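Undergrad: The residues making up each chain are set out below.
There are 2 protein chains.
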Amino acid sequence: MKQKGKLPHKVTYIAYIASSIDGRISKSSQSNVGWTSKEDWNFFQKSLVKMDAVIVGRNTYKITADRLRRRNTIVLTSKINRAKIKDKVIFFNPEKSNLKKFLSSKGYKKVAILGGPKVYNFCLANKMLDELFVTIEPYIFTNGIPMFSSNTFKKYKFSLQSIKKLNKKGTILLHYKYGN
Amino acid sequence: MKQKGKLPHKVTYIAYIASSIDGRISKSSQSNVGWTSKEDWNFFQKSLVKMDAVIVGRNTYKITADRLRRRNTIVLTSKINRAKIKDKVIFFNPEKSNLKKFLSSKGYKKVAILGGPKVYNFCLANKMLDELFVTIEPYIFTNGIPMFSSNTFKKYKFSLQSIKKLNKKGTILLHYKYGN
Chain A
2 MKQKGKLPHK VTYIAYIASS IDGRISKSSQ SNVGWTSKED WNFFQKSLVK MDAVIVGRNT
62 YKITADRLRR RNTIVLTSKI NRAKIKDKVI FFNPEKSNLK KFLSSKGYKK VAILGGPKVY
122 NFCLANKMLD ELFVTIEPYI FTNGIPMFSS NTFKKYKFSL QSIKKLNKKG TILLHYKYGN
Chain B
2 MKQKGKLPHK VTYIAYIASS IDGRISKSSQ SNVGWTSKED WNFFQKSLVK MDAVIVGRNT
62 YKITADRLRR RNTIVLTSKI NRAKIKDKVI FFNPEKSNLK KFLSSKGYKK VAILGGPKVY
122 NFCLANKMLD ELFVTIEPYI FTNGIPMFSS NTFKKYKFSL QSIKKLNKKG TILLHYKYGN
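If you read the protein sequences in the order shown, they are chains A and B. According to this note's numbering, the first sequence is numbered sequentially starting from 2. According to this note's numbering, the second sequence is numbered sequentially starting from 2.
Honestly, the hints are just simulated from the structure, not real lab data. Just so it is clear, the structure is predicted and the values come from calculations on it, not from any experiment. Certain hints may be false.
Because identical chains share one entry, a pair is satisfied inside a single copy or across any pair of copies.
[Unchecked claim] Okay, derived cross-link-like pairs now, DMTMM-like style, lysine to aspartate or glutamate, Cα gap no bigger than 20 Å in a straight line:
| id | residue 1 | residue 2 |
| --- | --- | --- |
| 1 | K166 | E96 |
| 2 | K170 | D131 |
| 3 | K39 | D88 |
| 4 | K170 | E132 |
| 5 | K39 | D53 |
| 6 | K155 | D88 |
| 7 | K107 | E40 |
| 8 | K11 | D67 |
| 9 | K169 | E132 |
| 10 | K158 | E40 |
| 11 | K156 | D88 |
| 12 | K89 | D131 |
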C-alpha cells in the first residue's frame, strides 16, 4: 500500500519562565531581562540547544532578538495577515493561520515557548504547553508583568516533576507537566 | 536609675501566602479560598497557633471572619479614622495611627500577615515582613488577584530558607527571610 503522506507529527511544547516570588516576569513589556541569576541563564541556554524552534511574542522578540538570532523563531503577532519570513524568523498571526499545523509541517519535535504573558496564555489555552520550567528568583516586585495574562480566570492543572535549587541565594527551578 | 518604661519590643512579622504557579492568590477579592490543598491548610492552621495576632485587609477579613473568630485580629482599613474594637477584632487605619507602635504596645511577639495583596504590600513597604511562607499549588489561573499589589515596581530581596514538598500532586512550601 502506498504511503499517502506523513503521519501526524507530535510536537512537544515546553515553556520557560523566569519569575519573581510574586509571579512577575519583568518590570514592563519593554524592559529587558537582566535581573535573573546566571545559574538560570545557564540552564536556559543549555535547554535551548535541544529545541528545534522557539515561540515568542512581538515584545519579547524585540528585546531578545539579538540572542535568538541563530534559532528558528516564530514571532506571534496580530499585526499581520499573512506569515512573513525573514531568515530564520517567521512572523505569524495564529488567528489567521493554523500554528500547530505549521509547526508540525516544519518537522519540529521540540518547541520552546518563551513568552510574554499573552503568548504563554495562548499556548496554554490551545493545548500547546506540555511542560513548564519555572525559575523563581528570590525577589518580590509588587508590580510588573504577570507570568500569564488572560481576560478570564481558569484552573489549569499541572503536576510537579522536580524541584532544584540552582544557587546559594535560593533561586529555584520547578519542572511541571500539564495535567494530573 | 529608675526605669522610664518598657524597652522597645521586637515584633516578628510572618506572611503566609497560598498561590498558583503564576502568582495568583484567588479569582477575585470577594471569592473564598477553597482551592488550596488540605496539606497547606494543615500547615497554615498549625502555624497560626504560634501567632499572637493576625493582620488582614477588609476583603480578606470578610471572607475569613468565621475562621479567625478566636484570634487577635487587626483589620487594616482606610474607611475609618479612629480604631474600632469589637471583641478580639480591631479595625485599624494605618494612615491615621501608628500600627507598629500599637502592635508593640499590645506585647505581641509574632504577628501573621494573611493578605490580601494590598496588605502584603503595605507590610513589605513598611518593614513589617520578616519572613514569608509561600505555598505554591500546582495550578495556573492566567487571571485573578496577584500576591502583591502596588502602584510601583520595586525589587525586594529575600533569601530562601527551605523548600518542602507537601503532597504527591506537588504542592510546595517555600520559606523565605527578608534581605540577603
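Undergrad: Please write out, lowest number first, the hints stated earlier that are contradicted by the structure.
TA: Checked against the structure, the hints that fail are numbers 1, 3, 5, 6, 7, 8, 11, 12, while the rest are satisfied.
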